[in-house]
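Protein chains in written order, with the numbering used here: chain A, 526 to 788; chain B, 8 to 534; chain C, 343 to 505.
Accuracy of the hints is not assured; some may be wrong.
[As the list claims (entries may be wrong)] Within a straight-line C-alpha distance of at most 27 Å, the following computed DSS-like cross-link-like pairs (lysine-lysine) qualify:
| # | chain 1 | residue 1 | chain 2 | residue 2 |
| --- | --- | --- | --- | --- |
| 1 | A | K785 | C | K484 |
| 2 | A | K529 | C | K499 |
| 3 | A | K583 | A | K741 |
| 4 | C | K499 | C | K484 |
[Stated by the list, open to error] Between beta-carbon pairs, the in silico distance windows are:
| # | chain 1 | residue 1 | chain 2 | residue 2 | range |
| --- | --- | --- | --- | --- | --- |
| 5 | A | L527 | B | N62 | 54 to 60 Å |
| 6 | B | P409 | A | I534 | 43 to 49 Å |
| 7 | C | I406 | B | F511 | 56 to 62 Å |
| 8 | A | R702 | B | W492 | 43 to 49 Å |
| 9 | A | T533 | B | N217 | 31 to 37 Å |
| 10 | B | W300 | C | N375 | 31 to 37 Å |
| 11 | A | G721 | C | N375 | 44 to 50 Å |
| 12 | B | N62 | A | R702 | 55 to 61 Å |
| 13 | A | T533 | C | A500 | 26 to 32 Å |
| 14 | B | G293 | A | L663 | 53 to 59 Å |
It should be emphasised that the hints constitute simulated quantities derived from the structure, not laboratory data.
Glycine is no exception: its CB is placed at the ideal position from the N, C-alpha and C atoms.
These are the residues of each chain, in order.
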Amino acid sequence: MLTKVFATIAVVITGGLLLYGVSDFPAFGDPHSPANAGVGNEESISQYFITQTYKDTKVPNIVTAVLADYRGYDTMFETVVIFAAGIAIFAILRVTGNEAEKKSIKPPLDSSINGDHQRIIVGTTCRIVIPVVQMFALYVVAHGHHSPGGGFQGGVILGASFILVAMSEDLNAALRRFSEKTYLTLACVGILIYAGFGLMCQFLERNFLDYGILQKVLFTDGPEMARSHSMLGVEVGVAFTVTAIMFAIYANLSSRGVLKNGL
Amino acid sequence: MIDQIPAIIVLAPLFGAMIIGLFGIRDHRVCLPVVFISLLVSLGASVAAAQQVFNVGTINYFVGGWEKPLGIGIHLKIDALNSLVLVVIGVVVMLVSFFSIRRVGERDTEKTPYFYILYLLLCVGLFGITITSDAFNLFVLIEVSSLTSYALIAMGSNKRGTVAAFNYVIMGTVGASFYLLGVGYLYLKTGSLNMDGIHAILMLETNDANVGASKATTVAFIFILVGIWIKMAFFPLYGWLPNAYTYCPSTSSCILAPLMTKVSVYVMIRVMITVFGLDWVFVELGWSQLVVWLAVIAILAGSMLALAQREIKKMLCYLIVAEVGYMVGGAWLADPDHWGMTGALYHILADAMMTLCLFLFAGIVAKRLGAFEISDLQGLFKKMPITSIGLVIGALAMIGVPPTCGFFSKFYLIRGAIEGGHWEFVAALLISSLVNAVLFFRIFEIAYFGNKPAEGHDHSHDHSDDSIEEGKGSDSTVLGREASWSSLFPLLASAAIIILLGVFNGEVVALIRVTFENSNHLSGLFR
Amino acid sequence: MSEFIQTNVQPYFNFWIYVVLMMIGLWALIAKNNLIKKLIGMSIFQTAIILFYVSLGVKDGSTIPILDHHGPEHHETADAGHDDVHEKEHGKKAEPHHADDHVGPNPDTIANPLPHVLMLTAIVVGVSTLGVALAIGQMIFKEFGTLEENEILEQIKAGNVDD
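All chains, please: the whole structure from these sequences, using the hints.
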């Protein structure tokens, strides 16, 4: 009871304060609000992104360009957050050896979900769907410059395809295709690709993640195309990590860290 | 090379973590050398950066080379305010790595590499928080450090630690989300995410929009402040801290307790000085009185709660709550010469070392004596004389006895309080010192007079169900001997730094005050 | 009352919705007894923040921040009449383009990309936090056999916490 009273007070104060701030906002959808057009006469950051991105990077998807280039440092740590979450879940849940034998969840025999008939229908459907899903995931990663998409989105879809394997058959089947060692390595490699692109710029005596200089290595005409290509490389790194960690999170959570049988 | 320093500080532990992820999981012997090398690189780079800052000037680093217009890319900045904090983080993580030798692996070797990955990523987060000059990037790095610390707390096999970690997740998420909301309100009003850029626009007084005076800006400040207060466990919001730091593995508590709260205090000061500007915070808002009173309550409550504890670590946790009150109060004293702020910044450095020293001590006695409660420390001075030196110096610093740094931080805080006219803060500081004296002299008395080693041994078994994991691993051959060099070295090193920081307090404070002498820092670097 | 709604709520409709959502999430976060319900509250809370950020990047009559597939230069030279289409579509006067001026697209017709980028990051952070929290919740269930907070606290109070 006391917590409910306290919660109500806290929530009302928070909401009231936020609404008090809202009363001072520019109107919803105003293209000339400070966030959209800046304060004063100078061009705001978001206007700069809209007008200059294509000139700077030759990437028509502004969101991808801002994500992977202008604010690439943020995105690298975003990937690190994902990686840290995966490792954290590992560190918390994973059990091995004798303890694992004790705790492994026995698959429920004869239950309606795992009955043979359903298994055939579900299994066949998934066998048809999964390659399509994976193709689509690769498209989302590779085409992130031109259409909505990118490393995170594609990585999640690719991870989901492996989760689908685990759900339609069982976790062991998915782990045979995508083992623990593989996904841990893949997660590390993904971040190393990202940070490696940045480090390469440093070796060429520019700042971290200053892709423009990579034209010397990538043999592109002009720094703009080098930025565009590097963004693709970076997105692939992100996709690696996200795929691996999404599957790792599912595998550990669904089997309570035993990595056998699963749900 | 020298101009790449800001990136190197953050990247070295990141690459270290990835190398452990690739090779350390297969061969555990890889872990420690990688940890040491990467942290040593970071520490060296921090020291070099500090030299550069104080000899040449502020280091600005634009990731991706996106320099103009300000704010399109991510801007890293090392100036007088954060260079010393960076060095202290480097020193603390270095010392804790020594302490972690043979400590993590003792029980569950399978998880050793994961521990080190999380440990290095935590370092990445802490260095990154300190170094960044972008409000949103700060949020991302806060999340890197928070996620890793949740895991470091939950990793121990302690039931209560798991529950504490869950509460920490909830509170930490609320804190980070509040911070994010505040940044959103600021972005809505200013259209910028760069700290200097936001400050420049807040100071701008155009005829159609006075951003600094708007309601949304005030709300943004409140939410950023409350978010950071949750992260630093300022008084009414401290609920998550004591259990989380008490029931986690000793190595984790040794790194989290000295650094997480201090870095949050640094973030608060950074936001006050760089984003909003002290003029805006103290003059336009004028809440100094209110916050100082909150800090007074925090100090008194923390001290009183510490007095009521029987467990060593929990007592230290409540002392942290009190120390956070010192720093928040000091930062908000609003005295004209910024002595309060100076004291708060000095106390960040001092308290990091003091907390490290005492938590290392708590870790050592938990391991060697199975001692979790104060009463378990009987006969400590005879059994473990070298460890006792660490305890004595850490305790004297907490009490505030010269020449330890604890005395001088209190000295500067009191000077600021007197000049700002906050006598209640002076009283709170003195009372807290008195309480600390009572606390630690009680420990000294038990440790000096109670020389019943056999009974101490029995005690450890009484309390083995009191849930701290190391207690179970300790057998009678280990009990009662002096700790190993890998535990003693960081303890004595931190004790030595406590004294050095005190002896050279004039020099350190001169470096800190560069921030205030250089008015550029207070009124935006650009435009 | 209706006047209040017209002047204060209607222009800021999204912001009011986000505050309400945030309050629901925060309430669940603090007051709910079940740990999983707390996590659901946490998710609602974070989603509300995403709604807030995305709302502040909206411009009336604007389109997604992805430029024409061939880029603005092609678009200007190849199709001079394109601007008229834009004008008709959005009922808004777009600023005239100059063929030799490489300013790129008119910022007022394209949504603000920055909040989208920030929220991509925040979504990822939210997912990661949720994953870790679920893992910790699973550990709690394994150790205490319950996810109700009061029952866990009772067990701790009863001293039933040995490993």
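K785 (chain A) paired with K484 (chain C) [C-alpha distance capped at 27 Å]:
holds, 17 Å
Regarding P409 (chain B) and I534 (chain A), is the given constraint of 43 to 49 Å on their beta-carbon distance met?
Holds: the Cβ-Cβ distance is about 45 Å, inside 43 to 49 Å.
Quick check: does the Cβ-Cβ distance between R702 (chain A) and W492 (chain B) fall within 43 to 49 Å?
Since R702 (chain A) and W492 (chain B) have Cβ atoms about 48 Å apart, the given range 43 to 49 Å holds.
Should the hint that L527 (chain A) and N62 (chain B) are 54 to 60 Å apart at their CB atoms be regarded as holding?
For N62 (chain B) against L527 (chain A), whose Cβ atoms are near 57 Å apart, the range 54 to 60 Å holds.
Take the C-beta atom of G721 (chain A) and the C-beta atom of N375 (chain C), compute their distance, and say whether it sits inside 44 to 50 Å.
Holds: the Cβ-Cβ distance is about 48 Å, inside 44 to 50 Å.
Could you check the hint for me, namely that W300 (chain B) and N375 (chain C) are 31 to 37 Å apart, CB to CB?
holds, 34 Å
So does N62 (chain B) sit 55 to 61 Å from R702 (chain A), Cβ to Cβ?
With a Cβ separation near 57 Å, N62 (chain B) and R702 (chain A) satisfy 55 to 61 Å, so the hint holds.
In this structure, is the beta-carbon distance linking T533 (chain A) and N217 (chain B) contained in 31 to 37 Å?
holds, 35 Å
Restraint check for K529 (chain A) with K499 (chain C), where alpha carbons must lie at most 27 Å apart:
Between K529 (chain A) and K499 (chain C) the Cα gap is close to 21 Å, so the pair holds against 27 Å.
Using the C-beta atoms of G293 (chain B) and L663 (chain A), is the stated range 53 to 59 Å upheld?
58 Å Cβ-Cβ, so the 53 to 59 Å window holds.
Taking 26 to 32 Å as the stated bounds, is the beta-carbon spacing between T533 (chain A) and A500 (chain C) within them?
holds, 30 Å
27 Å limit on alpha-carbon distance, applied to hinted pair K499 (chain C) and K484 (chain C):
Status holds; Cα separation ~18 Å.
Checked against the numbered hints above, the structure breaks none of them.
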